[in-house]
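Participant: Read off the chains here:
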Amino acid sequence: MLKLIGSRLATAVPSLIGVVIVTFMLTRVLPGDTAAYFAGPAATAESIAEIRTKLGLDKPLPVQFVDYVSALAKGDLGSSLSTGQPVAAEISARLPASAELTLAGLILALAIAVPFGIMAAVKQGSWVDHACRLITTAGVSLPVFFTGLLLVYVFYFKLGWAPAPLGRLDVFFSAPETVTGFYLIDSLIARDFETFRAALAQLAVPAITLAIFALAPIARMTRASMLSVLSSEFVRTARAAGLTDTTVIITYAFRNAMLPVVTTLGMVFSFLLGANVLVEKVFAWPGIGSYAVEALITSDYAPVQGFVLAMAILYVILNLLIDIAYGVIDPRARSEA
Amino acid sequence: MHGNVDVTAQAAKTSETPSGPLLEVRDLTVEFATRRGVVTAVSQVNLTLAKGETLGIVGESGSGKSVTSYTVMRILDRAGRIAEGSITFSGMDVAHAPESAMRDLRGREMSMIFQNPRAALNPIRTVGRQIGDVQLQHVQADARNVKEKVIDILKQVRIARPEERYQAYPFELSGGMCQRIVIALALACRPQLMIADEPTTGLDVTTQKAVMDLVTELTRERGMSTLLITHDLGLAAAYCDTVMVMEKGKVVETAPAERIFRDPQHPYTRKLMRATPRPGITLRDLLPEEPAVSAAPAQNPPPQSEARAQAASAPATKVLLQVENLVKEYPRQGAPSAFLSGLLGKKAPPEERIFRAVDDISFAVLKGESVGLVGESGCGKSTTSTIVMRLIDPTAGRISFAGEDISAIPAKDFAHHPMRRRIQMVFQDPTESLNPRYTAERAIADPLLRMGGFSGGAKLRARVADLAEMVGLPQNLLERFPHQLSGGQKARVGIARAIALDPDLVILDEPTAALDVSVQAVVLNLLEDLKQRLGMSYLFVSHDLHVVGLLCDRVIVMRAGRIVEEGSSQQVLDAPKDAYTRELIAAIPHPPV
Amino acid sequence: MTLATADTHPRGLAATLAHARYVISDNPVTGIAFGMFLVLVVCALLGPFIVPYDPLASDTAAALQAPSATHWFGTDNLGRDIFSRVIVATRLDMAIAVFSVALVFAAGGIAGIASGFFGGWTDRIIGRISDTIMAFPLFVLAMGIVAALGNTVTNIVIATAIINFPLYVRVARSEAAIRRQAGFVQAARLTGNSEWRILLTTILPNIMPIMMVQMSLTMGYAILNAAGLSFIGLGVRPPTPEWGIMVAEGAAYIVSGEWWIALFPGLALMFAVFCFNLLGDGLRDIVDPQRRT
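Protein sequences, first through last, are from chains A, B and C.
Quick note on our numbering: the first sequence kicks off at 1 and runs consecutively.
Quick note on our numbering: the second sequence kicks off at 1001 and runs consecutively.
Quick note on our numbering: the third sequence kicks off at 2001 and runs consecutively.
Treat the hints with caution; some may be incorrect.
As the list claims (entries may be wrong) - Covered stretches of chain C, going by a simulated chain B footprint (3 or more residues, C-beta under 8 Å): (1) 2184-2191; (2) 2194-2206.
Unchecked claim - Reference listing, derived: stretches of chain C covered by chain A, where coverage requires no fewer than 3 residues with Cβ under 8 Å from a Cβ of chain A: (3) 2057-2063; (4) 2079-2089.
Claimed, not checked - Label pairs and their calculated CB-CB ranges: (5) C:2194 to B:1462: 22 to 30 Å; (6) A:266 to B:1459: 33 to 41 Å; (7) B:1174 to C:2122: 29 to 37 Å; (8) B:1327 to C:2194: 24 to 32 Å; (9) A:16 to C:2059: 48 to 56 Å; (10) C:2122 to A:262: 29 to 37 Å; (11) A:16 to C:2014: 48 to 56 Å; (12) C:2205 to B:1061: 28 to 36 Å; (13) A:61 to C:2131: 18 to 26 Å; (14) A:126 to B:1586: 49 to 57 Å.
No lab work stands behind these hints: they were computed from the structure.
All residues carry an ideal CB built from backbone N, CA and C; glycine is no exception.
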């Protein structure tokens, strides 16, 4: 097992190096005046020159790269122009909000999509199957920001079931004491059930929006891989040996069918982290996505760069976890390591 | 045993007659719903299987033999249904029994082993637990003693170190070992009936013999009945009491094994019988008696034995291909790459890093001679032929062709070399070797356009038509795409393409392995006729000594990258010198001559 | 060569058309998708000439009107006719998608085929590039690229192409790698075709169908991606009519009940993406030679 984790870590390192190089290149190597980007649209010639020296942009590229990497190693992502705050601090303060939303969306999507995909495959050709196929095709066609707005209109404006789409917590509540940074968990730790309900109410609609988005690819992959496993020869052997449907479907088919689904999760995370930015904008969610969007509007480049880097590192770590999970399920992957 | 079948009152009542057959199928008709409407896969099949009897169901692809066996176990897929007829197993009405009763029956009273054993096992569950699942399901063991019982069964199927193998995953075991696990799975609950569906297809002959001997021994010991589904008459002859021959969903003949081979009644049985390679016959003997169905559409070549005699007696003068000290090494899979280990400063010993697929072999092919290269999977025969074909480069050694050293020309440049047109190849899988986007005509024309100096028009068309005529491919099939042709027709296209440039040497890479025996018989004869007419040499790569013996003048037997025996076909087949060759020959089952 | 081109081609075309007819009649959903595609093409080509109002003309007196006979989709906060804006926006949204897909098809497709067919260093370098792109969440990378390159429509096209690059490489690479040692490719080697010739005349035509399906499916994704970028204020700028930006403009009014401003451009987006996804599935049936009978 340790060997597996070690070998997967070794494959994550080149990805991280690539990520750092690309984020560096995005600002320094591509055409355009980097100092002007960082100085913002309102800058004068002097302030641009000042920033150029301050950021070391007058040095040769390799030196700049070394400076950039050593700053990164110290956790320094520069400072925001508009707030003056260090980017790294802002991002780590806002990260729990994004993580809570994304995870809630993913868990909801998995809880619905996996059983749905299995039912569709087991009862191939039934109404469940047709519904699954329709929903998966329609689901991937939905722009996530549009779904969010529709849900706001229905649940907030029409039905009044949901609170106004303005952040993580209604203004009349105060945030629970930070332990994990997840309001749902922290409020339970503090035994503050009122806050828990309020936080859940705020989280529900954006999480559903993300879940609808992530549902389609997961259900589609579950159905497809379940179908192919169910028609495989080892399932036929298991049936011919008289094992019950439950044993065949759960112990034999399901675990094998999960392998491609786990692999797809990497792609789903990639989509989710992107969709998260859009959903945060729709619901004024105070996560790192809306932080980046606000910075984009004011052409404040340091936060955008920090955001891209943070997301990429997060994504590399998630992929690492997925790889390890895969190795736990599949003995063949273990032996390759 | 009968006490187990207490699922329905009716079943219990009828099972009191112990003298009846174990399995009785009456007028069975099975239909499949497809996009093109209902297709009858099996029609009016009758069979009776007594306790302890082994019945072989023999037929070519599409004969309905597998569907029959699946129906007996009621594991047809969704689209299939029993349209008519009855199946009585141990007094129980299988066709109408509830699913729960069938589930109880499967694994405990009747079980099945399949073709492709590796795919038949759950890849991510240890084999011990898979066998345990079946035992627990049928209450043959409980959680406490299940491991003990599984290890006991593993011992019975002759698995060495069963305690260790209990923890193994299928991918860690060889094909033959996987088949033993599948047999263990099938025998786990001591059923009365075992259905073996092509249990040894894809296994090497020596493994096949070991597996079949084991199955026979274990089923005899237990007094079990066996249904052996196979395309191989030889296998049925060697292991069955009774043989039932099926063709296109119908039973054409059922008789005791020794009688059906001595005195086949139905013309189809006779045709199948003749087409099965066996010792002491010639290629012509494979074809049906009727002279009308000759493979050669053109003039009749001289009788084959005579031609063979001529070839053998003619002084071996001209050497066409000379292979000397050929070696091909590959980096061993899973070994750290040279770069990485170099970086880490450690070097594994060469035998750990390098795998010798071909280990210092030398042989020659004379002009007009056909030489067989025989061996089991992994013996290096295909690597050798691919090197001779100049598609890959050897690690060491020399290949001279018509006096010229062709091993000096790198494989990637050989495509442009004038020698290219003189060495051609017929591939193993006729489907995979044809470009799906080319018509048969375009496929045959390809070498002519590239290297034959043709540039299209009537001349090319005439030459393609000529070649099609030579290989017996009807002209109206020329404009079809590969998926619109049958296996035999595709094989003919592949042969026409190979001979289009009048090559001196044609390498035949298991050209009939994917074909039914009756088609194989025709294709082998076609190849022989073409050789007589065009004076080519063949290098025939195959795993089947009988087939090679029929077509080739000389045979080379390979094992683990080396040549273990070489000699005239007659001598190698009739009086093998090497122990391994003897083992190979003994392992090939064949109908009584 | 004449054998293949002069004679078989028209026959092949007729057979393809016949097969397309068969598929459409067999699977009405694909027929519907073709119909939807035609609507999109007509709107993209003729949009500005068939709309009732100038998509940019504001009329504050008529602001925020609900859908009616005069304004089918209602009007926005500046009184602009939403129906006209939605129709006219088709051209820009489609153009972004078409150009980015064409770009990535050429770059990613060729890189992938070369990678799968030649292997070795080619494969390693191309693999490393696409792995690095894949190490980012794709939409986030697109945000970074557009922000760095500058906020223009061209850069949206480039960013969309870059984030799709690994997908095309992967599909083309695996399809080429499967066929590299296939019997018919070996046979082509034996008949004296050079490696490059095999790549172009044997491998490429066999991979084209799969690449076409891929193109159709990524068209939908490209549209979504571009609309998402303009929704957060990148690329297209107001007052240019574009679906993503129109949804963004309508977002503020959803909470006060003016649903039509965001709804119709959103539906248009869905319509286009849905169309390409259905078309992708349908195309698979048509071009797959195994299923052609």
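Participant: Confirm or reject each hint.
Facilitator: Right, here's what the structure says about each hint:
no. : hint                         : in the structure
1   : 2184-2191                    : holds (count 7)
2   : 2194-2206                    : holds (count 5)
3   : 2057-2063                    : violated (count 0)
4   : 2079-2089                    : violated (count 0)
5   : C:2194 to B:1462: 22 to 30 Å : holds, 28 Å
6   : A:266 to B:1459: 33 to 41 Å  : violated, 57 Å
7   : B:1174 to C:2122: 29 to 37 Å : holds, 36 Å
8   : B:1327 to C:2194: 24 to 32 Å : holds, 28 Å
9   : A:16 to C:2059: 48 to 56 Å   : holds, 54 Å
10  : C:2122 to A:262: 29 to 37 Å  : holds, 30 Å
11  : A:16 to C:2014: 48 to 56 Å   : holds, 55 Å
12  : C:2205 to B:1061: 28 to 36 Å : holds, 30 Å
13  : A:61 to C:2131: 18 to 26 Å   : holds, 23 Å
14  : A:126 to B:1586: 49 to 57 Å  : holds, 54 Å
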